[in-house]
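Asker: Listed in order, the protein sequences are those of chains B and Z.
Just so we're aligned, residue 1 is where the first sequence starts under this note's numbering, counting upward by one.
Just so we're aligned, residue 1 is where the second sequence starts under this note's numbering, counting upward by one.
Just so you know, the hints here were simulated from the structure itself, not pulled from any lab data.
Do not take every clue at face value.
[Stated by the list, open to error] Derived coverage of chain B by chain Z (criterion: at least 3 residues anywhere in the stretch with Cβ under 8 Å from a Cβ of chain Z; other residues may be distant):
no.: 1; segment: 6-20
no.: 2; segment: 30-42
no.: 3; segment: 69-81
no.: 4; segment: 138-149
no.: 5; segment: 167-175
Glycine included, C-beta positions come from ideal geometry on N, C-alpha and C.
2 protein chains.
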Amino acid sequence: MKHGPINFCSRCGSDRLQHLVPEGDHRIRVVCTKCQTIHYENPRIIAGCLPVWEDKVLLCRRAIEPRRGFWNIPAGFLENGETIEAGAAREVWEEAAASVKIERVLAIFTLVDFHHVYVHFTGELVDGAFGVGEESLETRLFSEEEIPWDDIAFISSKFALEAFFEDRRLGLTRTHVGSF
Amino acid sequence: MKHGPINFCSRCGSDRLQHLVPEGDHRIRVVCTKCQTIHYENPRIIAGCLPVWEDKVLLCRRAIEPRRGFWNIPAGFLENGETIEAGAAREVWEEAAASVKIERVLAIFTLVDFHHVYVHFTGELVDGAFGVGEESLETRLFSEEEIPWDDIAFISSKFALEAFFEDRRLGLTRTHVGSF
Numbered sequence: 001m002k003h004g005p006i007n008f009c010s011r012c013g014s015d016r017l018q019h020l021v022p023e024g025d026h027r028i029r030v031v032c033t034k035c036q037t038i039h040y041e042n043p044r045i046i047a048g049c050l051p052v053w054e055d056k057v058l059l060c061r062r063a064i065e066p067r068r069g070f071w072n073i074p075a076g077f078l079e080n081g082e083t084i085e086a087g088a089a090r091e092v093w094e095e096a097a098a099s100v101k102i103e104r105v106l107a108i109f110t111l112v113d114f115h116h117v118y119v120h121f122t123g124e125l126v127d128g129a130f131g132v133g134e135e136s137l138e139t140r141l142f143s144e145e146e147i148p149w150d151d152i153a154f155i156s157s158k159f160a161l162e163a164f165f166e167d168r169r170l171g172l173t174r175t176h177v178g179s180f
Numbered sequence: 001m002k003h004g005p006i007n008f009c010s011r012c013g014s015d016r017l018q019h020l021v022p023e024g025d026h027r028i029r030v031v032c033t034k035c036q037t038i039h040y041e042n043p044r045i046i047a048g049c050l051p052v053w054e055d056k057v058l059l060c061r062r063a064i065e066p067r068r069g070f071w072n073i074p075a076g077f078l079e080n081g082e083t084i085e086a087g088a089a090r091e092v093w094e095e096a097a098a099s100v101k102i103e104r105v106l107a108i109f110t111l112v113d114f115h116h117v118y119v120h121f122t123g124e125l126v127d128g129a130f131g132v133g134e135e136s137l138e139t140r141l142f143s144e145e146e147i148p149w150d151d152i153a154f155i156s157s158k159f160a161l162e163a164f165f166e167d168r169r170l171g172l173t174r175t176h177v178g179s180f
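Next comes chain B alone, as it looks inside the complex (with noise of 0.2 Å):
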């Protein structure tokens, strides 16, 4: 189980929650009337990367749900005491066990009623070299013709490698912003 319902006080362990806007506050949050904490929710990052080598990129495909099977950018939550550069390099490690050399931030692109940003970055493929992650089943360096578009897991990374391939085409470098 992941994400609870707050049913309880963290802080002191009060069932007398309620839902309320606080003062000097605009929107309705969760408040313990018996300690006055403030149960913030906020969106999560997940910090990406795609790995580039000469003219092809690194996809991997899903060994873990959701999406387990389908292919996708190397990705996932970013971590307290972490830049976000070294989470999405961090990832790429994890499951493709490679290192990037981290380049420029391609996308950012909210998921807005999961309450995610992805923040995908692009980064070289330091000596083309890969393995396999424990969350990925494989991973492969796909040139543009190849990515199987109707395999790829999530929108966001879709959203990732349509604006990477546009911005090659035209020689920019740009960030792209998106969501759903």
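With the hints as your guide, set chain Z onto chain B.
Answerer: Showing chain Z alone in chain B's frame:
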């Protein structure tokens, strides 16, 4: 009180919490040994936008702690249910009573020890109009020469401002990545 320690499970109310590495994970988490809920803690996103009008940028002098009295780019915690660009525009409205047309991602800056990731956009100030939001003491348009560099509230804002003026001198529109 904003962020209390986790003393009780917010799902089942138990105080039987342990710091341990869950199966399949690599990091120590707060885990409830009664109901097995894993209480993840992740960095939060601060979305902001530097409003631009002709050759000037709009800054706000903070009416609230931390750094009350110092100048800042309008920014604040991203909320569930909004895109990151909408959150940035909302903050401009709340702090400077101004509408912006979001243009591009200027900078992403991780404050590692605070578990904050700033995402600063640039945006055109609609009709050059602005006021003073309730979280600001005053708001003002500054040319580059007028920027009060010693009185900028946060290092993330200083980074974004320097990036903006550097890009303008060089005629570039990059996304800058930094951390502290």
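Asker: With reference to the structure, classify each hint as holding or not holding.
Answerer: Hints and how they fare:
1. 6-20: holds (count 9)
2. 30-42: holds (count 8)
3. 69-81: This one holds; 5 residues, not fewer than the three required, reach chain Z with a Cβ under 8 Å.
4. 138-149: violated (count 0)
5. 167-175: Coverage by chain Z holds here, the residue count being 3 at a Cβ distance below 8 Å.
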